[in-house]
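Novice: The chain contents come next:
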Amino acid sequence: MGESKGVWVFSEKFDLTLEMLGKGREIANTLRTKLVAVLVGCNVQEKANDLIKYGADKVYLVDNPALELFQAEGYLSVLHNLATNYKPDILLIGSTKNGKPLAARLATRLETGCVPDCARLSVDEKGRLIGERITYGGNAVAKVTFRSKPQIATVPARAFEKLEPQDRSGEVIKLDVKIEEPKTEVVETKPLETSSVNIEEAEVIISCGRGLEKKEDKILLEELAKILGGQVGNSRPLAEDRKWFTEWVGLSGRKVKPKLYIACGISGVIQHVAGIRDSKVIVAVNNDPEAPIFEVADYAVVGDLYEVLPALTEALRKQLQ
Amino acid sequence: MVCLKQAVDVSQLKVDPKTSQLLTASAPKKISDFDKNALEEAIRIKEKLGEVEICTVTVSSEDAKAVLREALAIGADKAYFVNDPSFQDVDTSATAYILTETIEKIGEFDLILCGEASLDSFSGLVGSRLAELLNLPLIASVRKLTVEDNTVVAERTLEDAYETVKAKMPALITVTREINQPRIPSLMMIMKASKKEIITWTATDLNIQKEKIGAKIEVVEVLAPKTERKRVMITGENKEEIAEKLAKALIQEGVVRR
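Order-wise, the sequence lines are chains S and X.
When we follow the numbering used here, the leftmost residue of the first sequence carries the number 3, and every step to the right adds one.
When we follow the numbering used here, the leftmost residue of the second sequence carries the number 600, and every step to the right adds one.
Take the hints with a grain of salt, since some may be wrong.
[To be verified] One-sided and incomplete, this derived list gives chain S residues near chain X with beta-carbon spacing under 8 Å:
1. 138
2. 146
3. 186
4. 191
5. 228
6. 231
7. 262
8. 299
[Stated by the list, open to error] Keeping only pairs whose Cα atoms sit at most 30 Å apart, straight-line, the calculated BS3-like set for lysine-lysine is:
9. X:613 to X:628
10. X:844 to S:320
11. S:128 to X:809
12. X:847 to S:320
13. X:767 to S:192
14. S:99 to X:647
15. X:815 to S:36
16. S:192 to S:164
17. X:838 to S:216
Quick caveat, the hints were computed from the structure, so don't treat them as lab data.
Beta carbons: idealized from backbone N, C-alpha and C, even for Gly.
The shape of chain S in the complex, shown without the other chains (with noise of 0.2 Å):
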């Protein structure tokens, strides 16, 4: 039967796929193994190339117009498929609705662990994988590796580059899988607003919290945020229980990484603060001196938003010119 090897990666989501090869594609360099992209869908047989552009040594294609959309016994029983018959070592799974569920379920029929949303993998001297995942509602990091094969990680999207696209040689090998009956019926899809959609992908995101006194104070936020091409984003206190705006920015919210952040009006739970770690710079603003989110600000203003947003927007409105 063969020792398991090669570092597979698949998503149902074609970007966060070229994402997580960037990141195989250095773990493969490290196991000196062959890089794998598993291409589920229907008429999807061009994308192939892509994935090797992105890095990939070799891409296993099923193509079925009952993959069409993504069902999740069908997917199920084509990633059960192909790691039952070719093993692979190590299988990324982008971490999405979908994806997260389907890797649990596939770690569930191999009889193997599965170490969810990492956002930093690493290999260790034994050449097992590492994963990196925040836990205890952000008050920590944890390390977590695996006991057995395949080593299944979910990956985030965004948490990984994509590598700049080449002209490489790769294989591409077409399948033919049975494919699983859904236990379950999609009966309506509706998409979400487009403003909800990119705050992930925002390179400025300015926020409030809870010291917005009034729903349409936001303006000040949204003047701001024109003058530097951004999105307003808010707390969970926003979100939650004012149900005021969508744009809900934390842990159990959306995760963030902007190159500038400016929180105000926000105190800065560990909740929030692991929502935006990762941002470049972050600004905040808040009445409170001892607000905890002063703690990770790399610039801080005590004062009231009511004044310092209106003055900030002016004085970057001035400098900019």
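Position chain X against the provided structure of chain S, taking the given hints into account.
Specialist: Here is chain X on its own, set in the frame of chain S:
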């Protein structure tokens, strides 16, 4: 059937400032928040449909009776406590296996509700693993749930879309915190619950096989994250001066477009 985890109350967790180790042993424990939402949803289904029995299941190597008592006070009819010192190092794989054996011993059910993830470890794998072991339809991360005849209809939020999904019962649902606002038990409910029985089973009662509860993952370390921030305080005579200094700093950092 509602699966409840006794979790570390992360809001009261302290860190040893010297070693960055978390002091989890001394931290208070409670029902994991998401699991409370699962229990609340079960109670709402019962209130609507009438003849429903709600069983909760908790797996732990430690004493978790207080958590089960609370579940009974909130509205569970029966509480099963699966307690064995050999469960100390269980991972999501072993927990799902123990839950499977427990649920199969309890008997027939229509619906299993779990939290999407736990408050402390936040893995979010047990519900999906359990569905796989019990060969059930799974609908994960549900924010709205309706039960009609022998079907569940659930709404879930994906990265870029809302989705409505249907499944025949029995099925397994994992819920998000958006789904409801869990109730707080009244004093009367708490009194009543203190008389209810907690059914306790050990590994032997469930014929748990030792080799199946060995962890498949290994936690190398858990440390408080280091924050390396500049922590520059911007001060000035007035708001204009502060704003100008801050604007200049941001331009120098190269994080705003000129």
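Novice: Okay, which hints does this one fail, numbers in order?
Specialist: Failing hint: just 5.
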